[in-house]
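**Student:** Letter by letter, the chains look like this.
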Amino acid sequence: MTQTTGAFEPRLARRKRVGRLFMAGFAVMSFVGIGFLAVLIVRILWEGLPWISAKFIVNFPSVLSPADAGVRSALFGTVWLIVITGLVSVPMGVAAAIYLEEYASNNRITRLIQLSIANLAGVPSVVYGILGLAVFVRWLSCGRSVLAGGLTVALLVLPVIIIASREALGAVPNSFRHAAYALGATRWQTIRSHVLPAAVPGILTGVILALSRAIGEAAPLLMLGALTYVTFVPEGPLDEFTVLPLQIYQWVDQPQAEFHHLAAAGIIVLLGVLLPMNGVAIAVRAWHQRRKAW
Amino acid sequence: MSQWTRFREGAIRSVFFLCAAVSIVTTAGIAWVLISESAQFFAHVSPLEFFFGTRWAPLLEPRAYGVLPLVAGTLVIAVGSLIIALPIGAASALYMSEYAPPWVRGFLKPVLEVLAGIPTVVYGYFALTFITPYVIQPLFPGTSVFNAASAAIVVGVMIIPTISSLCDDAFRAVPKSLREAAFALSATRLEVSTRIVFPAAMSGVAAAVLLGFARAVGETMAVAIAAGMTPKLSLNPLQSLQTLTGYIVQVSLGDTPAGSIEYQTLFACAMTLFLMTLAINLVAIRVLRRFREAYE
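If you read the protein sequences in the order shown, they are chains A and B.
Sequential numbering from 62 applies to the first sequence in this note's numbering.
Sequential numbering from 20 applies to the second sequence in this note's numbering.
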C-alpha cells in the first residue's frame, strides 16, 4: 500500500517529526512575552532600585538636584485622579451595563448604544484627551484641573467597565431571575438582591483592570495640559496636578542619565501599585470561577 | 404593584438608560469637537494640501501642512509592530488552544494580561534606554537614538496580548467535531492546527489583526518617547520619524496659544487619527460579528 492519491500523504513518521518541531516553535513563541516581561522588570529594578528611598517618595521633583527629586506631587495627583475617575466611571459603567443586559429591548437605540461602546473601546486615548480639552477644560471651564483629568479618564475607561460588567451580568443564569420573579419581586428588586450580587466578582475584576489602566494613562492628560513639572500637591478638585506616568515621561525626556534613573525609580513605584492590582483582579476571577454557585 | 413601586421602577430604569446613553453622547462629542475645530483649520489650509502634501512643518518657517509624512510614520510603526506581534500572538494562541496542558495555559494567560496592563510610558522608557542602545545599535551601528524600529518593537509587544487573546477565542470557537474528523483521518496535530483550526478561525484572526493594528496606530506615549520628532516621508525604520500621535504630544507640550493655526493642526491630526482607527475598528467589529454567528 504505497500508492498515494490526492492529498493523502502517509509518511506519518516524518509528519510527526515536523509536527514536534512546530510544537516546540509555538511553545517558544508563547514564552517570548514572558521573556520580554522578565528582561523589562530586571532592567528597571537594576536601574531604579538604588534610587528608591523614603526621600524619593516624600520629596517633590527637582530639576536642579536629581538626587533629591521625588514623586510626592505625582503620587498625590494619581490618588486624586483615580478617586475622581472611580467615583464617576464605576457607578455609571455598571448602571449602563445593567440597562443593556437587564432592561434594553433590541431596538435601534440599543443597537446604537452598543455600536458606540464597541467603537469607543477602540478610540485612541489621545482622542479622549482632545475631547476633554475642548469640553471639560475650556467649555465647562474646569481648567487644567484634576477634575477635568478625572472626568476625561472616566470617559476613557467607561467602555472597559461596561463590557466587563455586561459579561458578568450575562453569565448569571436566567433561573436566578425567574426564581425572584416567581416570588413577586420587581425587576429592580431582582437585580439588586439576586443578579448583581452574583455578578459582583466579575464586575470587580473589570473595575480593577479599568482603574489600573486609568492609573497608567499619560497621553490624554498631556493633551489636557496637565503639567509634567509640578512641585505642589493638589488640595481640591480644581487644582492643577501631575500623575506618575507624566512625571516618568518628564524624566525620560531629559537627556541626562540621572533622570533616566529617576524614571526607572518612578516606574518601580508605578508598577508597585499596578502589578498587585492586576494580581488581585486575576485572583478574584480565578477564585470566583472555582466557587461559582451555578 | 403600588403606585410608588411603579414610579420607582420607572425612575431606576430611566437613570440606567441615561448612563448607557452617555456612550452615544461621548461618541457624538468626539465627532463634534473634531469636526468643528478642524473646520477652522481647513478654512486656512485646503484639504487637498493637508491630505496630499508631502511636507509637514507647521511649527517652522517655511510652513507646510502636508499630513502624509505623519501618516507614513504612523504606518511604518504600526506595520512594523504587526510583523512582530502577529506571528508571536498567533503562534502562542495556537499553542494555548491546541497544545498546552491546562496548567501551562493557566499560567500563560495571566502573564499576557500583565503584559497588557503595563503602562505605555514604561514601554517607551524601555525602548529608549534598552532596546535602542543594547539591541538595535549593536546590530545596526549608526542607528539614531530615536528610531522607528525600537518603537515598533515595543508597540509589537504591547499588542501581543490583544492579538493572542482574540486568536485564542477564535481558535477555541472552532467546533471539536472538525478537529476530530481530521484526527480520524490520521492528520497530525500540526495539520489539524494549520489546515483545519486556523482556516476555520480565519475571520477571528483577521479581526484580531485589525484590532491590534488600530491599537498600534493610536499608540502614543511609547512612540512619542522612542521614535523621535522628525516628520519624514520615509520607510527606513532605523531613522527618527514622527507619527500622528507623536505630533499631537509635541504640540501639547509646547505653549501654542488656543485659536492659532498651530493649535488647530492638533485637531486636524486628531481627526485623521480618529478616522483611521474608526475605519479599522468598524471593519473589525463587522468581521468579528460574522465569525461569532458562524458557530454559535
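Derived from the structure by calculation, the hints contain no laboratory data.
Every residue, glycine too, gets a C-beta built ideally from N, C-alpha and C.
Wrong hints could be hidden among the right ones.
[Stated by the list, open to error] Part of the chain A face toward chain B, derived, beta carbon under 8 Å:
id: 1; residue: V184
id: 2; residue: Y310
id: 3; residue: V334
**Student:** Return the status of the interface hint for A/V184: holds when the least beta-carbon distance to chain B is below 8 Å, violated otherwise.
**Tutor:** 7 Å, holds
**Student:** Go through the hint on A/Y310 and say holds or violated, using the shortest Cβ distance to chain B against 8 Å.
**Tutor:** Since chain B brings a Cβ to about 5 Å from A/Y310, closer than 8 Å, the hint holds.
**Student:** Go through the hint on A/V334 and say holds or violated, using the shortest Cβ distance to chain B against 8 Å.
**Tutor:** 10 Å, violated
In this structure, the one hint that does not hold is number 3.
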